[in-house]
Structures are given as structure tokens and as C-alpha cells.
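Chains as they are written, first to last, in this note's numbering: chain S, 11 to 304; chain A, 11 to 304.
The reader is advised that the hints may include incorrect statements.
It does not matter which identical chain is meant; a pair holds if it fits inside one copy or across any two.
[Claimed, not checked] Below are the SDA-like pairs computed for lysine to any residue, each with C-alpha atoms no more than 20 Å apart in a straight line: (1) Lys33 / Glu43; (2) Lys46 / Arg15; (3) Lys225 / Arg103; (4) Lys54 / Pro226; (5) Lys46 / Gly172; (6) Lys225 / Gln111; (7) Lys46 / Ser214; (8) Lys24 / Arg220; (9) Lys225 / Tyr183; (10) Lys24 / Arg94; (11) Lys225 / Asp180; (12) Lys33 / Arg92; (13) Lys225 / Asp169; (14) Lys24 / Asn171; (15) Lys225 / Asn181; (16) Lys225 / Ala93; (17) Lys12 / Arg94; (18) Lys46 / Gln90; (19) Lys46 / Thr210; (20) Lys33 / Phe21; (21) Lys33 / Asn171; (22) Lys46 / Leu230; (23) Lys46 / Trp142; (24) Lys33 / Leu71; (25) Lys24 / Ala76.
The hints are simulated quantities; they were obtained by calculation from the structure and are not laboratory data.
2 protein chains.
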Amino acid sequence: MKENRYDDQTFFDKYSQMARSQKGLAGAGEWPELEKLLPDFSGKRVLDLGCGYGWHCRYALDHGAAYVLGTDLSQRMLEQARARHGGPGIEYRQAAMEDLQFPEGSFDAVISSLAFHYVRDFRPLAERIGRWLVPGGSFVFSVEHPVFTACGSQDWYYDENGNILHFPVDNYYLEGRRDAVFLGERVVKYHRTLTSYLDTLLQSGFTLRRLVEPKPPEELMDLPGMRDELRRPMMLLIAAEKRQPQGGYGYFRALQRYRTDASEQQCTKHAENPSCFQLNCTRKRSKILLYFII
Amino acid sequence: MKENRYDDQTFFDKYSQMARSQKGLAGAGEWPELEKLLPDFSGKRVLDLGCGYGWHCRYALDHGAAYVLGTDLSQRMLEQARARHGGPGIEYRQAAMEDLQFPEGSFDAVISSLAFHYVRDFRPLAERIGRWLVPGGSFVFSVEHPVFTACGSQDWYYDENGNILHFPVDNYYLEGRRDAVFLGERVVKYHRTLTSYLDTLLQSGFTLRRLVEPKPPEELMDLPGMRDELRRPMMLLIAAEKRQPQGGYGYFRALQRYRTDASEQQCTKHAENPSCFQLNCTRKRSKILLYFII
Chain S
11 MKENRYDDQT FFDKYSQMAR SQKGLAGAGE WPELEKLLPD FSGKRVLDLG
61 CGYGWHCRYA LDHGAAYVLG TDLSQRMLEQ ARARHGGPGI EYRQAAMEDL
111 QFPEGSFDAV ISSLAFHYVR DFRPLAERIG RWLVPGGSFV FSVEHPVFTA
161 CGSQDWYYDE NGNILHFPVD NYYLEGRRDA VFLGERVVKY HRTLTSYLDT
211 LLQSGFTLRR LVEPKPPEEL MDLPGMRDEL RRPMMLLIAA EKRQPQGGYG
261 YFRALQRYRT DASEQQCTKH AENPSCFQLN CTRKRSKILL YFII
Chain A
11 MKENRYDDQT FFDKYSQMAR SQKGLAGAGE WPELEKLLPD FSGKRVLDLG
61 CGYGWHCRYA LDHGAAYVLG TDLSQRMLEQ ARARHGGPGI EYRQAAMEDL
111 QFPEGSFDAV ISSLAFHYVR DFRPLAERIG RWLVPGGSFV FSVEHPVFTA
161 CGSQDWYYDE NGNILHFPVD NYYLEGRRDA VFLGERVVKY HRTLTSYLDT
211 LLQSGFTLRR LVEPKPPEEL MDLPGMRDEL RRPMMLLIAA EKRQPQGGYG
261 YFRALQRYRT DASEQQCTKH AENPSCFQLN CTRKRSKILL YFII
């Protein structure tokens, strides 16, 4: 069951009061770090999974994206997105991200902000995102940190006087549903380990480019409770890239260029070194044997 | 100051009673997972940082390594290593790993088991390991998990009856010295965040291959306390690979092979596409322009 808490009026009203809803990217503490991980959007086809108010969609378009598709389960979110960040080049679609379907290589970049911890199974989603991306395509996302989601309550552990003692971790390896409290309301989230996020990516055809656990920004350190955020990690930002097919893609681009000059060519893997390709060409009556090691 | 607790008689005696000292790899709960991350050692020059009793050195040699160097700060450890796992092809050297120096490309694989949390600065060490490795070389290590090292005490949080409540996390972003208790003795360890391990590697010329937080093995689940190890992550296993120099190494290997046939060549970066190299050759009086896209 995909829970749609954001279409609950009370929950949505509270969400709409948050700094990140009212001020957008500037109101999100992790944004300065997330922005650094984003790819160059120029001319790119971008998918934003769990787009919410559409702040990141707008950012991608403002930075040159050719086309942006934002998807969200919540109709209320998408109403806000269309009203605030609609227009040519941006499309919004109501759907659970687990149900989306696109042809292979439909996007040059996939982004997602704080949405994957609402998704029960990460591996099939990661594999599908891998197929939607072109080789070399970017996958950048933020999620709640496994340390933050493990216990379930997502709250500090206090002494009898209400002072914070520490942040509790429990049931770390028991992945799955957690009944968390967010904005004073019960919300179902899914805990998974760091291994499940990272090793799944590494084994699903992605290369990891960056991993950042964002600290609260220095300039916000005087806000109430902010200094305590140095005591626990709350978010995880990950930038990955869809790997080129093994030993192939770079070669085929090279071959494509070369073909314009060569009158004949034949490409085979090198018998002794599987990462090496042999290219046999006849060009102006010269037989040429080339090696590409990729 | 590099602390050398393992040359303290009391501490060493306790360490020598541990299952991993007495039974070796079979006595280390994380070994089945670590073994899967290790590279093919055939014909490789291997460096083991913090080699202890030399179990991993012996494993590398038994699996075809051409040469293995184990280093450790502790003389007592190395005495054990030489006695148990000495012989042709294995060398042991007493040194703090921060002080080691090797020429560039001296090793094909660097391994380290549960030693880096004794090292204060990871970044300079990672950078130096990157230089010691050949391009494509393997770097596989285990460390105590940042969740495990953050608080410092490395102990559960208990209720008044001595029952485990949860595992405490605190001061996560405050990296540095922790006075931990290990085997009932005070030991200085260094906490750092996951970001500091992984993002440092990614930004120091490594590609991440695998990341695993090993669970206690099923068959040990009936041992006292073992089931509680599902409640917190204690270790982090990382397999990385030294990246090929940007856009270069694959090209230069290709060039080297081609050079044997070509009478003249000149290599330049493509003006418009910096990931593309142009190779101008004269071969049997034909002018050839090739592109390598790496």
C-alpha cells in the first residue's frame, strides 16, 4: 500500500507551514550541499520523483533543462506545483513512483528529494531508474539517513528533565516499515540500511560519484535545536551515474565517428583482453588494425 | 601521537584470547563478507596495513599473490605474524601506516582489516594509498562503523535492570579522538563520518565497487549477545578501485599498442569535447585521424 499522507488536509496544512514549503530551496537546510551534487542540466530531459511543490523541477528548468517531468503521489502537492512552477517545458503527473513506466533511455537525469524513504522496495526502483537513464546519465537524490530511520520514532532520547541524552539506534538490520511521527502526525516510512542504498546502486549499474551527510549550515546554527543536529546525521545525499555498458559505449561512440572516414570496418573483442576491442578497417587500400581499450 | 596499545602486555594478552586471534579468519564474524570483496590476488603485489597476526597476508599469498608486505605498529603482533605466517613471499615491517613511504605504483592491491579507526587523519592516508596503487588497483578495507564510533563508549544504553534499550549515537559530526573501551581497556580510536570515509575516497581518485555493513552470520545467531548485533551496525566493509587517470590511461595504453604499427603520431585533446582525444598518425603514407572517447 502506498500511503498518501500529503493528501490529508491536516497533514498537508502542517507541511505547507514548513520553511521548505514556504521559502522553497532556500528554506531547506540541506539545499546548499544538494545543489553542489546536481549535474549540468543544459539541454537535459529531467525526471523528478516525488516532486512536491516542484521547486527542484523549476530549478532544473531555470538551469537549462530541455524538459522536466515532476511526479508525485499527492494531488495537493501537484496543485501547488502547477500553480507555482508550471509552464512550458515542465509537466506534472500524479503517480506512485513504483508504478511509473518509461521507455529505456528516456531521461538524462533523475532527481529525488526526501521521497525514497516512503518507498518500500528500493532495489526494483533503482533498477528501473537505471533503465530510464541514458548511459552516463545522472541520478541524484536525498533520503533520510539510516541512522535517523532505524529506531522508528525519529526522536531523541531524553533524561527525566527533558534534556537530550543522545539519538537512539535500534533494529538497524531489520529493514521495513516504521511508524514515524512527522509534524505531529503518524507517517509510514521505510527504514533500510546504508548497504541497501549504496550497494544496491553499485550492483544495479551505477557508479557512485559523491556521498554527503549534510551538516546544518553555519549561519543557521543559532536557530533553536540546530546545534543538536551536529549530534546525529539526519539526511544522506547521493550522486550516482549510470555506468556505460561494460567496455562498450565509449567504443561505439568512437567507432561512429571513425566510420565516417573508413570504407569498411569490423569490430571484435580482443581474444586475450576482454576490455580491448579490435577494429579492422580498410581505408584507402591500407589495412589497419586498431585497438581500443575502454 | 600514535598509540601502540597492542604492545601493552595486558591488552595484548586479552587480544590474543579473542576468537579472531585464535581461530584467525574463521573466528572473525565479518570474514565471509570481507572475503567476497577481495580481489583476485594472482600475481599481485599486496600491502596489508595493520596486518596484526598476518592472517590476511597469508590468505593473499595462498591465493596467488606474488609478494605480500604486512605492516603493523606493534612488535608483538609482528612476532606472531612472523611465527605463524612467515615464509617466502611475505615480508613484515614494523611501522605506523602514517609513516610508510613507497614509490608510485608499488602495489596492485592494498588491504586493511579494522585498523583505520586508530588513524587520526584518513584523507592523507587515502591519497597516499592512491599513489602506491597502480591504476585499476584494489583497495579493500574494514573499519568500525561511524554509528559504532560516534558516541565514544561503544556500549549499549541500558535500563536500570541492565537490559539493552538501544545503541546511542552522539556527536556524529564532531570527528576525532574517542576514548573507547575495548577488551576492558581504554583505547584511543578516531571517529569520522561516513562522508569522511566514502566521499574522501571518491574525491581522492577511487571508484567505489562495494559497500557492505556485515550482519552477524546466521549460524552464530545463538551465541550470547549475537542477536543484539542486528540492532546496530558495528563494521563497514569497503571495496574501492584506483581510477584510471581522467580520460587518459585507457587512451595511453591504446596509443602504446598502436605506436608499434604507426610511423608517426600526435595526440591532442579534441577542441570541443575534452573527453575526446585526437590521434593524428601517418601510416604507410596514409594520413589518419582517429578519435578516442574515454
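Given identical chains, is Lys225 near Asn181, meaning Cα to Cα at most 20 Å, within a copy, between copies, both, or neither?
-> For Lys225 and Asn181, the Cα distance is within 20 Å only across copies (12 Å; inside one copy 24 Å).
Are the CA atoms of Lys46 and Thr210 at most 20 Å apart within a copy, between copies, both, or neither?
-> Cα proximity of Lys46 and Thr210: across copies only (16 Å, versus 23 Å in one copy).
Using 20 Å as the alpha-carbon threshold, which applies to Lys46 and Leu230: within, between, both, or neither?
-> Within. Shortest intra-copy distance 19 Å satisfies the 20 Å Cα cut-off; inter-copy 44 Å does not.
For the identical chains here, do Lys225 and Ala93 meet the 20 Å Cα criterion within one copy, between copies, both, or neither?
-> This pair counts as neither: shortest intra-copy Cα distance 32 Å, inter-copy 48 Å.
Are the CA atoms of Lys24 and Asn171 at most 20 Å apart within a copy, between copies, both, or neither?
-> Intra 28 Å, inter 40 Å, cutoff 20 Å: neither.
Could you figure out if Lys24 and Arg220 sit no more than 20 Å apart (CA to CA) within one copy, between two copies, both or neither?
-> neither (33 Å within a copy, 40 Å between copies)
Is the C-alpha distance from Lys225 to Gln111 at most 20 Å within one copy, between copies, in both cases, or in neither?
-> Neither. Shortest intra-copy (35 Å) and inter-copy (34 Å) distances fail the 20 Å Cα cut-off.
20 Å Cα threshold - placement of Glu43 relative to Lys33 = Intra 17 Å, inter 45 Å, cutoff 20 Å: intra-copy only.
Status of Phe21 relative to Lys33 across identical chains (alpha carbons, at most 20 Å) = within (18 Å within a copy, 56 Å between copies)
Evaluate Lys225 and Asp180 at a C-alpha cut-off of 20 Å and name the case that applies: within, between, both or neither.
-> Cα proximity of Lys225 and Asp180: across copies only (14 Å, versus 22 Å in one copy).
Could you place Lys46 and Ser214 in one of the four classes (within, between, both, neither) given a Cα distance threshold of 20 Å?
-> Intra 24 Å, inter 17 Å, cutoff 20 Å: inter-copy only.
Could you figure out if Lys225 and Tyr183 sit no more than 20 Å apart (CA to CA) within one copy, between two copies, both or neither?
-> between (25 Å within a copy, 7 Å between copies)
Comparing the model with each earlier hint shows violations of hints 2, 3, 4, 5, 6, 8, 13, 14, 16, 17, 18, 21, 23 and 25; every other hint is respected.
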